[in-house]
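Based on the provided sequences and hints, a complete structural model is requested.
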Amino acid sequence: MTDATGPDKFDAPTPDNAMRMADKTNGPMLSADGTPLKKSLAKALRMQKIRALALIAPLLIFVLVSFILPIGDMLFRSVENQIVSDTMPRATEALEEWDGAGTPPEAVYEGAYYDLFFAAEQRIHTRLGSRLNYEQTGASSMFRRSGRGLDDIGELYRDQFEDLDENWDEAMPWAELMGDPEWIAEQSEWQEGDSQPEFTLREGIADILPKTAEQYENFALFQQDEEENSPLEEEPWSAVHTALYQDLAANDLSSYSGPRADMLIAADELVASPDFESLTFQQGFEEIDEDWVDPEIWRTIKLYSPDYTSGYFLNSVDMELTPDGVQPRPENERIYIMLFQRTLFMSLMITFSCILLAYPVAYLLSNLPARSANLLMILVLLPFWTSLLVRTSAWKVMLQQQGVINDVLVWIGLVADDSRLTMINNQFGTIVAMTHILLPFMILPMYSVMSTIPPTYVRAAKSLGATNWTTFWRVYFPQSIPGIGAGSILVFILSIGYYITPEIVGGNTGTFISNRIAYHISSSLNWGLAAALGAILLAVVLILYWAYDRIVGIDNVKLG
Amino acid sequence: MKLTKTLLASTALTVAAGAVAAQDMADSMTIVSWGGAYQRSQDEAYVKPYLEEHPEVSVSWDESSNEAVARLRAMNEAGNVTWDLVDVVAADAIRLCDEGLAMEYDPDELLAEGDDGTSAEDDFGDLIVSDCYIPQIVYSTTVGYRTDLVGDTPPSDICAIFDLETYPGMRSLERRPINNMEWALYCDGVAKDEIYDVLETPEGQDQALAKLDTIKDNVVWWSAGADTPQLLADGEVIMGSTYNGRLFSLIVEQDQPVDMLWDMQVFDLDGWIIPAGLSDEALARVKDFLYFATDTQRLADQAAYISYGPARESSAPLVGQHAELGIDMAPHMPTDPANAGNTLLYNYEFWADYRDDIDAKFQSWLAQ
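Line order of the protein sequences matches chains A and B. Each residue of the first sequence is one higher than the last, beginning at 1 in my numbering. Each residue of the second sequence is one higher than the last, beginning at 1 in my numbering.
Everything labelled a hint here was simulated from the structure, so no lab data went into it. As the structure is a prediction and not an experimental result, all values here were calculated from the model. Take these hints with a grain of salt, some might be off.
[As the list claims (entries may be wrong)] The calculated label-pair distances, taken between Cβ atoms and stated as ranges, are:
1) B:P257 / A:L368: 44 to 52 Å
2) B:A367 / A:I500: 14 to 22 Å
3) B:T82 / A:Q341: 39 to 47 Å
[As the list claims (entries may be wrong)] Not everything, but these chain A residues come out facing chain B in the computed CB check (under 7 Å):
4) R123
5) R127
6) S130
7) Y134
8) S140
9) S141
10) I335
11) Q400
12) N425
13) N508
We put the beta carbon where it would ideally sit given N, CA and C, even for glycine.
Set out below in structure tokens:
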């Protein structure tokens, strides 16, 4: 009998005879195509792994992009603070030298002038104002006003230069004075729509007019990149004139002999003459707003000049960053610690009331005959399918003073008409409404665990002489604990972050920390503080989860 | 060459005049508003008429105005602004402008002249409270009361809120410091024009909170505009603050036993902002729409659907009758001279600065 398919009829190794073959030949095990078996196996496994990874890749990428990254980005905002040093680089650098006593030195005002001028051109100075207003009341309008007022400082100089020579308010003479001749030639051929030749300073100009060169370059690049205008056609900002005044006052330019020499030398003489009007940057700021001379605002800017700040986290635990170190907030502004405590307390209350209410329901569900159990299940799920807002508003109708429950109590004479119970717009209302809303999250895991408990155990216990109570407490209850654990974790974590229901029925004593987070996200726009509060909440949940794992054991949790 | 230039110039002129070749404009627009009766009034008064003139355009509404500031900021950070025109209250407009999320505009260039020939800038006057803001209506926050629950002498001034002896019972106030602090100081004897000077100081803030403290146990704090009308209708409170349009609909349209006070009503504005960073086509469409939607007649038309005063001075004489009930709307306008005897203009700059600070104190006081 020929057995062509028998394993020993093949010359090359097959999975069946490879071991024997290997023993025979004493060489490395080879696979069918002659490569060593180890290598071939590893290759097959790697292919499998890659295939598996490719299969879960959509989910992995989805979770990463839509969940982990945004949360990380949001949490990062709780410490991020680059806006101050990005918007006011010169001023924050100058402030480092300042010890915080008295008004800051002129260098700070000078830096702040150029910084804010440029920021106002980009229209971002008000953004910094809003940021600083979280730390110091009044900063918002100060920055808004200053954006308009800063022009006055430069116009003082521009008007005087212009009176001397109209060319000082023209685009082309400035460009010839400051720009590289080759660049001017290229730029003058530029047409709208093309990309512009990048502005370059004329050689040597930065040595004789350092500040003017810096400001003009800022101006020219801003016109090219942001406004898409040609610097050859735009009159420079008044900050350039201010810088010119500073340079002319500091350096003697009577020997200058470049382009536009007559214009520059005349201006130099004008600045040197006693009639030339000037004012210090500090005076300029004082004219815009007196608060700029108050060291307070500068202390705040200095305090928040680092790129990362602990300020938001301190705020969210009722502390504040002050020049004298970290201090508790004034008593009448403390709120967050109390809200965290209240959130924890109420979430625990809700969890316990859910356990109490859900346990008997889940028990019934798992022990009734299938037909009645199904009906009961529908009753449990029905509110689950109703809109959250409808359910919450329904509680309002039930619980309010002119509501159903109070009316019934008054009607049967339990409560006098003029002393109706207050059951809503307080903690009680929130706990009742949220217990109702979260109840299915407790019932369902309990039910799925209870339905796996074999009824034979209970019968066995009873046949061995246990009373009903002992049977329940010693035999049934311990087996249902994983369901309680799973339900409690679900309900607790859901309730700790709830905010719609407390907002509607919570009044002043029934609101959660999440209501404040929502307020800071959507109303005050203080996303940094909201992120810090959220990060603390997340940390609290993780700590509680860890504690639960240590005490009860997370293996004990079953969803089914 | 010269011809093209002339053509370009004349196109620019027609853009300014509000009639431009349709191919330059986007043919869909996403308008953000508040939903409910207010959005309906906008739809009837100028969106539908605009669509009749421009059948190629489609408008979709997004009812997100109450979270517009946060949503716009998030969209802007994501670099994908999907809204074309956003309806916000003035305080939000100021913040959006500060944050660089709204576009600055020139009233005389973008908006139509009044029908009496006044320039748009003069016609809107002081109501353009921010360089980005195009006001539509003036509304006010004021107090309504149950006529059957306040006894024989119905309240006649705002301080009835604080008068627990004459008017025992619950009242509803908004769960934020704005308006409540002003009323508290006013009823504590501070002269009207000194309210904001006093409120600037910590002592003034404490004074206002102390006044509010006298009624704290008798207040239901509301957060949605519909709360007070519901509380009044159910008899949960005997009086409460809300927007005058809500009270109008409760009193006139739903015929509830409620009446309202105009005393010390706090004027506030609602209007448009254009989000920063729109594409050229979208911007052209929005400008064309705005030119139409904010002219004298259109703003006066809106008052036929809701009892808010038009923001243009020239619209006031054109305010007619309620679209369904046929009653004269002028006596229900917060800006009507008979109603505007004693009013307070919400101080935007003050609240932009002090909002965070005072809100912290207010919330902490509430929670105690």
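Q: Quick one: which hint numbers does this structure break? Sort them smallest to largest.
A: none
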